[in-house]
Each structure stands twice: as C-alpha cells, then as structure tokens.
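Number of protein chains: 4
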Amino acid sequence: MDFKEIIEEIYLNVKNLDDKGKVATYIPELENVDPENFGVYITTLNGFKFGIGNYKDKFSIQSIAKVLSLNLAYQLIGERIWERLGVEPSGTAFNSLVQLEADNGIPRNPFINAGAIVISDILICNLKNPKEDFLAYVRNLSNNPELNYSEKIAASENEVGFRNIALCNFIKSFGNIKNDPTEVLDFYFNLCSIEMTCKELSEVFLFLANNGFSVNSKTSVLTKSQSKRINAIMLTCGFYDESGDFAFKVGLPGKSGVGGGIIAVHPNQYTIAVWSPKLNEKGNSFKGMRFLEEFTTKSELSIF
Amino acid sequence: MDFKEIIEEIYLNVKNLDDKGKVATYIPELENVDPENFGVYITTLNGFKFGIGNYKDKFSIQSIAKVLSLNLAYQLIGERIWERLGVEPSGTAFNSLVQLEADNGIPRNPFINAGAIVISDILICNLKNPKEDFLAYVRNLSNNPELNYSEKIAASENEVGFRNIALCNFIKSFGNIKNDPTEVLDFYFNLCSIEMTCKELSEVFLFLANNGFSVNSKTSVLTKSQSKRINAIMLTCGFYDESGDFAFKVGLPGKSGVGGGIIAVHPNQYTIAVWSPKLNEKGNSFKGMRFLEEFTTKSELSIF
Amino acid sequence: MDFKEIIEEIYLNVKNLDDKGKVATYIPELENVDPENFGVYITTLNGFKFGIGNYKDKFSIQSIAKVLSLNLAYQLIGERIWERLGVEPSGTAFNSLVQLEADNGIPRNPFINAGAIVISDILICNLKNPKEDFLAYVRNLSNNPELNYSEKIAASENEVGFRNIALCNFIKSFGNIKNDPTEVLDFYFNLCSIEMTCKELSEVFLFLANNGFSVNSKTSVLTKSQSKRINAIMLTCGFYDESGDFAFKVGLPGKSGVGGGIIAVHPNQYTIAVWSPKLNEKGNSFKGMRFLEEFTTKSELSIF
Amino acid sequence: MDFKEIIEEIYLNVKNLDDKGKVATYIPELENVDPENFGVYITTLNGFKFGIGNYKDKFSIQSIAKVLSLNLAYQLIGERIWERLGVEPSGTAFNSLVQLEADNGIPRNPFINAGAIVISDILICNLKNPKEDFLAYVRNLSNNPELNYSEKIAASENEVGFRNIALCNFIKSFGNIKNDPTEVLDFYFNLCSIEMTCKELSEVFLFLANNGFSVNSKTSVLTKSQSKRINAIMLTCGFYDESGDFAFKVGLPGKSGVGGGIIAVHPNQYTIAVWSPKLNEKGNSFKGMRFLEEFTTKSELSIF
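First to last, the sequence lines map onto chains A, B, C and D.
Number 266 in my numbering belongs to position 266 of the first sequence; there are no gaps in the numbering.
Number 166 in my numbering belongs to position 166 of the second sequence; there are no gaps in the numbering.
Number 144 in my numbering belongs to position 144 of the third sequence; there are no gaps in the numbering.
Number 127 in my numbering belongs to position 127 of the fourth sequence; there are no gaps in the numbering.
Check before you lean on any hint, since a few could be wrong.
Since copy identity is lost for identical chains, a pair holds within one copy or between any two.
[What the hints assert, rightly or not] No more than 16 angstroms apart at the CA atoms, straight line, and that leaves these computed lysine to aspartate or glutamate pairs for EDC-like:
id, residue 1, residue 2
1, K224, E294
2, K131, E195
3, K131, E8
4, K224, E293
5, K178, E159
6, K224, E300
No wet-lab data here; the hints were simulated from the structure.
Please put together the full structure from these sequences, using the hints given.
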C-alpha cells in the first residue's frame, strides 16, 4: 500500500470519528474557525506530494512557528542559544511559571511559551528589522512570497495575553530578557500569528527531513548536526506534556499549535502536515494526533 | 571510516579526558569499583561485533534493568500497563516524590524509580516465582545462562534504601501498589543488582534494534509496534532530567544506570553498551555520555 | 452573660446546624463513632469548670497528642529541638511530602505529620522506655492515672499507615531520623491513639494557659517563655492549612485531631475542649470550629 | 522595670550587635540609606510615649503600608474581600508565583505581594480618586497632614518592578484583577512608597491596639471584630516565611517592610515601631527583629 492509499483510508476513518475535542476560544479568530476543517499534506524527499481535505486552506500555525524562530536564532548565534534556555521536557503545562521560578528564569526548552519568548528576545538582538527579517526568512523557506502575519490575530493575542506578559516580565526579573518586554511580546505575538496551509507547512519544514538543506531556498538553512538537534527537541518537547505520548504513539519529531495544526518530520524521508481545529485536553489537535498515530502504524515507519 | 576505527579513535580521546565525574558512593559495592574502568561493545544486526577496554568485566547494570522488567511486564499484560503509569518525561529527579504527589500516585514513566517499582509490583502479580522467572527471562535473552543477581548489592541497597521504601509506601497509600511493599522492594532491589559485561548488555538488548525479535532466544520478545514504543520511552525518559540533552547530543534511545553503564539502541542497526563508573552531576556516566555523543557525531548516524 | 450561659446558647445553635462534615473513615475505630456526638468542656484558671453534651465520653485525640509529645521533647532537650524542625506554617496539607523534599528533610513545624515523627524520634533517643515514659508524663498532667493508648487504634493506624511509613523513611533518607523507622512509627501510632474525654483534655492542657505550671502535677512543665512559644506554634500551625483561618475567626492558640477533637487555649484565662466527629474539608471538626468561632465572638475574648 | 528602662537597655545592646544584615539594594533610594540608622518608638493606650535613636527620621515604610490598604478595603467592602484572597500563611517567598498558579490566581493572604496587588485593585474599584483618597485616609489616621508618597521611590520601583508586573498580569490572566494592570501597579508602587517616622508609624497603627478606634481621627476605623482579625492576619502572615518565627520569638502581631521598618501591636496595650535598614536573610530588619524579641522577653508581655 502506498502513502496515497494509506492517507486516503485513514483520512476517512478519522474524519468520521466522534471528535470530543474543543476549538480554542480565547480569541475570536480561533473560535470562529469551522471546527469540521480537516486537511493533510505530505511531501517526500523523493518528490512525492499529496494532499487531502482542506489542505489548501490557510490557518493560524501558532506555536508551530516556534520551530522556525528557533531555527533562525540557531542559525544566527549557534550553540550560544543554550546559555539562555535548555533542551529538557518541562513536565508541566506550556504556560507554567512554576518551573521558571525553580530554574531562575531559564526556560526548560524553546517550545514552551517562556522559551519561545527568550528566542524572540534573541532574534530582536540579532536582526535589524526583526519582524520584517523574520518574515523574509520564512517566505524564503516557502514557495509563497505572500506568507504573512495576521495583524488581527496578533492584536487579539496581545489583548488577552496577560499570562504571556506575566511570563516575559517574570523572565526579565531574572535578567534573561534583554529588550523591553513590550517589544519582545509584540514580536512573539506576531510570530505566532503567521498563517499557512497544510501544503505550505509541509513544504517549509522539508529542510528538517533533509539534513538542513532547503529545496525552496536552495541553501543549507542548518548544518546536518543542527538539523538533527532540532528534530530531537521536537521529539522530546514538541507537544507540551503530551510529548512522551506522541513519541510513544506516533514516533516522529513534530510540533503542534493551538490552531489545530501539526507538523511531523520523518528524517531522510518526508514531512507531513495535518490540520483539524478541535483540540484534545492537552491542547493538541484531536484528529491530527489520531491521524498521525494511525499513519505511522499503518505505514510501519517511524524513527524507532 | 568503519565502526571499529571510529570506536578506537573516540575511545582513546575520551579515555584521556579529565573526568570530573564521581563514582556513586551510597553503597560500598559501587564505591569500591575502580573508577578508571572504561569499556565499549557494539553489536550490529548484520553481524558485526567489536569491543574495547573493559568490555568483558561485569558491573552492576542498576537502572538499565528497568528496561528489561518493563519489557517483561509489557509482554505479560500489554497496554494495560499504562493504566498504572505514564510515558511522559518527569522534568524532576529520578527519585522525586513531588510529581507523584501531584499525580496521585501514578508515576510519570517506567524509568523513574517510582515507575520501576510499580512495574515490579505488576511482575509479582503476574509471575509464579517472580525473582526466578525474571532471571530466567533475562538469561534467555542473553548468551549467558549464568547471569545473576548480586545478593550483596541487593542487600546493600535494601539497607540504605529509605527513599525507595518511602516511594513504595507512598504509591501504596494511593492504592497503586497491590502487594506488600517489603516484597515489592525486595524484587526491585534484586532487579537492579543484576551484573553484566558491556558485551552481554549489548547482546541482550539487540532485540530492541530488531523490531522485538531476539536472536539469542530465537523468539519475538515484543511485537514490532511494542518494540518501537519501548525505544520511544527510552528516548524521552531514559536519562532522568538529562533525557532531552541525550536526545539532543546523541540522538538515540538509551538507558543509563548509576553503576556507570549506558545502553543505546539504533533501531534496525545496532546496540552499543558503554561503561565508565564516574558519573556527571545528573547521575549519568560522564565518559559514557561523551563517548556516545562523539560516536553518533562521527558516524553521522542517529535516528534524527 | 457568663461562660455557662454563652456555652449553653451556642451549644444548642451549633448542635442543630446542618452538619456537612464527614467522619474520618480510614480506620474502623474512627468510622464507627456515632457522628452525632458533641461535647464541650471549659476549665478556667480561677477555678470555673463546666461541661455540656458528651463531655464525659472518651474519644481518640489523635494529632492533639502532638502538642504533648512536643512539650515533653522541649522539656527534655530545650531549644536543640529546632535544629531538626522549624516553626513555620507549611502552606500545604498535613501529610505532604513536597515541602519536605524542598526543605531536605527538615519538617516545617512539629504539628504536620513529618514534624511529629521527628519529635517521636527525639523522644525515643531521650527516654528509657519511650512508650511507658510518655504515658506516665501524660497521666501526670491529668487527674486520671488510667489514661491509656488504644492498642486497637494504634494497630489499625499501622495497617493503613503507608503514607506515614513513606514520610518516616523519606526523612530518614535525609538523615533526620536516628532510630529504626519501624520503632519510630510504632511510637508515633501509639501516641496518636491516646483516648481522653473533653474534660480530661481541657484539664491536661491547662498548664499552657498557666505559663507552664501544671495544677495537676503541681510542677512547672515548661518555663513561662517555653509555654508562650508552644502557644505561638499552636496559633500559627495548629490547624494545618486552615491555621490562618482559625486565628482569623477564633483567635486562640489551638490544636485539632482527626477524631473530631479540638483544644483551644486562652493564655492566662482558660482552656476549652470541643469534640464532634464530623470533619470539614480541611480535616478539622466542623461543629468544633463553628462552636469556637461563636464562642470567642460572643465572649468578645481572644488574644487579639 | 518600666518600658522606658527596658527599651533603653535593649536599644544599647542591639545597637552594638555585629549586624550581619544587608540593606536592600534593588532601588537607589533604599540602597543609599545610612545602614546605621536605628530608631524605636512606643505608644501605649494609657498615654505613655517614648522614642530613642532615629525615631524622628522618615523612612520608606514599604510593605507595612499593605496593612493600611487592607484596612481601608476591609472598611469599604467588608467580608467580601475574602472572595478574592485568603488568610493563610503562604509557606513560600513574598513574591512567589508558584502558590498563585496552584491556587488559580487567589493569593494566599493580603500581605504577600500578590495579595496586596489584589487589594490595590479593590481600592481602585471603590475609591473615586484612589491615590488621593488613600493618602487622605492615612493622613487622617496620623497626626501629620503632610504624610506623603515618595514620587522618586514609586518611580524607581516601577522601573525595576518586572516581578510585580508579572504577578499582576498573572493574576489578571485568572480574572482576579478588574482594572488595567498598569493602573493597579501604579497605585501599588505609590502605596509602598509612603514615608513615615517610627513615631508616626506607632501612632498611626494605634487603632489596632484599641479595638479599631483611632484616637487621632476620633472614629472607629474598624469594628472590634475586624480589628482583631487584622491582628490575627498580621500574626500569621506579617513576616513572609519568617512569620512563624516572629510569633514564636516575639509573640505579637506585626508587619515588616523592606525599608527596615517593623510595626508590632500588643492588643489593648501598645504599638511599637522599630527601624533599622539592614535586613536578615528572610528580608526582615535584623536589628528590628532582635530588638522586639528581647523586648517581649524582658517585659514578659506577649499575647501568648
């Protein structure tokens, strides 16, 4: 059975699942998305591409963007990143302040909010025009020069982002934020507002399956070793306190967002993007998780 | 460059490192081991075998045995295991009671002490002669019918094992231990006292690189899917709160023990066992970690 | 209005309250007590004595005994006690292990279980026949030479005391228990099994209202300064995580037990004992707390 | 020996103590205070007044002001306050976010920063001109119509107040702050910037020794019951995680500030204010704590 057949079969199974998940409601832009959307797109290194369902519809990639900001920061200052944050799973919720207090303002990893905020601070220190430059970087990785922030989403996030304001100021109180918290958060909220389709997501992340080389930008975005390391962090930390479960059931590096998107990477083989807005209790796409679990089970391919 | 050359080169480099680690001292049997011991052994699926240094010397495999007890429990009662413990990294030290209190007696994963104690309880419920049957199971996976518990080490562990007694009774107070705590701990202390050489360790674990099929016992110890899942747990939880770092730097599923041993598994390729008694601050073999980091870097092979 | 009238009036009001509390059920000896029991007894320094309801019925004083063991330890080794435990409110449940882990085995105060276990250890080190000597001490403070441990209750506690076994071994793992945990727990379970009536309780504790001088034993049990300090600890730590609320609403030093008893002390004035077995959510007697709140409100007497 | 003699004697003893404390340095206005300042002032209900040392010098009362804002809020909305915060000791540092996360944004008590910020929010909701009205309230309690905020200190606090900004936004994320965080923090930073002398402090707080009746304003600021309750909270929560120790050693309700001031209240007797800028490890005045300990020991008067 090939990828196309497998994807079609699982897509139908999972589409009809009684989906107990719930759409994120903390901002209107996420609340008003049609909960029945469900799209999948795969891109393999040997040129196979296939999509099904709403794979051409744009959605808010949210925390998935944290992998891209991490990549750019890693490219810019290398291993010095790790002086300011760790690579360990947090064992607590994505927006917890507890661990941060115990760890004196050093976030456990770059994918919890605290870590992504520190990465935002690093980018602001190292880019001339942070928002423009980061957007250019993402566009360059994609086939689509019109990828953009959603001003509306960024504004909404800012309006209700008291917990992130708390996180940023808390880290600043430990000295691990160099810029003005308002500026850092503006960058962070924009970062998370980027919109893509499943197709775009799958294509943009292909360099992580390709030892760091981006087919779209025709450049090595990361070294082979760096690319492996990003995959390792996605595997251990990509799904908040469901990371172990994702590794256990799916067995691929990946990253989810509260908009219902998930990107998964099979090194040396493919990337696959899934989108379904209803979230499980841990804040990850209910159908997305199920689809990927069945996909690696049926294809009998995982990194393990 | 082939495995032999790589291993020889790295072995020499790492052997001469200024080793800041410290031998475990909480029982005399570990304290009195020669700290300069350093052995490595690799076994590949296509038949290559190679050892260097003290690879024929027995040492106490300690927590590495937790993978074997988990395997047997998984084989015996399947996915029902996960009703009593999780698969998430703990984010705290291996013997912490904090997480356990927050999680009402459900250990985060099978490799922290609390989880291994629950697995011991499961085995006692499901084996006729727990200690004898478990030993037979391990011997069957090895080429060596004389593998054995160290009575001396088990007795020493018992004498100073107040924290593990605390853990076991604490879990029992939540109802997640079915047998008498004294019996459970006796099994647990024996389990961790097993002694092997690097060669034996590498050979015993080969079935995890081989989709669950053991060449030695000529049987499928686990299904392909189960075998992948054990590897996933080793990757996310195998090194306590250094698990993320091991995934990041080494990029292989693995498990360490306080005796200074580490087993690492490259699915579909090989297993490699390393032993050096001096431990880093996180309780993992200082030289062992360094050796494996350089080994996957130089061989440019990791699961990512 | 005098004490007698006030007590009679409040007793009737509170007796008829819709009592939402629940009797402790973890051992049969507590579960089988008639939940409608309700007794009160006051003893003043100027000789007034008055009881109402079930004030002559014996009940298990449980944690109230921790004040007596603390007193004896204080008398025996003085301020050296505080090298092994603190005097700060814990902010967590009475049997929590979390704080203990953060504080390296030094219990926050002598009234959480961990602290009372350390006090038990101190007594064992400093008494020839710990159980006999302690009982003699308590009998000497009372008018009743027949006060006794309940062997049945002590045995029941031991059977289900996994959490206390965990606590004791956990503290031992930090080096803050000197004797064998089994012996320490045997003493501790006996200590908590002592049975008294409200009348006896009120009389035994009178020395704390009397600057340390016991009318019954005709000796200074504690110095004036020590007596004040015990009262201070009762005020800040006597009711687990409801201590602040008790100080706020009742305004007296006091101590509760899971058997439904409460002793309260008004320095230089009186002691009052209340007993009603149904407990509120925090584990303190529902009617007992309400009675004392109304008593200090109506009498307009509190230490504040 | 009367109060005057006792105070003079202890003042000399403590003045010459080798003071291991350290002046607060997080803002220049506190850092630049002469560390050798040491003042004491007592006011009794029967008209005795006595001061020694720097009792006429103004200093920043800091957290002591939290008692005054609590009083005003209590006066304005009564027991409804306790829907938004508790009266339990926190068991953690004054600016911890951990407890707040566990308690879903409900601060443990009104004297940790989180609690005082919620009280500030309550005052803003219930006063026409919050800053002016609060100042008028404090002036009215004193003999001094010129008491004032220090604009300089408030501005400095604001500049470095990242942790308080974090706290306020964190509480807001739980819905327990109604106003704009910036406005709440502006009020809070002003509140803590008030400057008084020991003499003024002692006089302003006298109503708490007087069942709520203020001699200066000739009105009942609080009811008798409310006044007792404020004293109870000061006793259990007034010194952060040194509250139990203060109750134990000093035995009076009190409140300290990071400027080195302490106010203590003996209900029905007196108030005493102490000021010495060098702080012990817990953030309370080193000499102030020692002075009060010796004062209640020597005078043999405490509430216990």
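Hints the structure fails to honour
3
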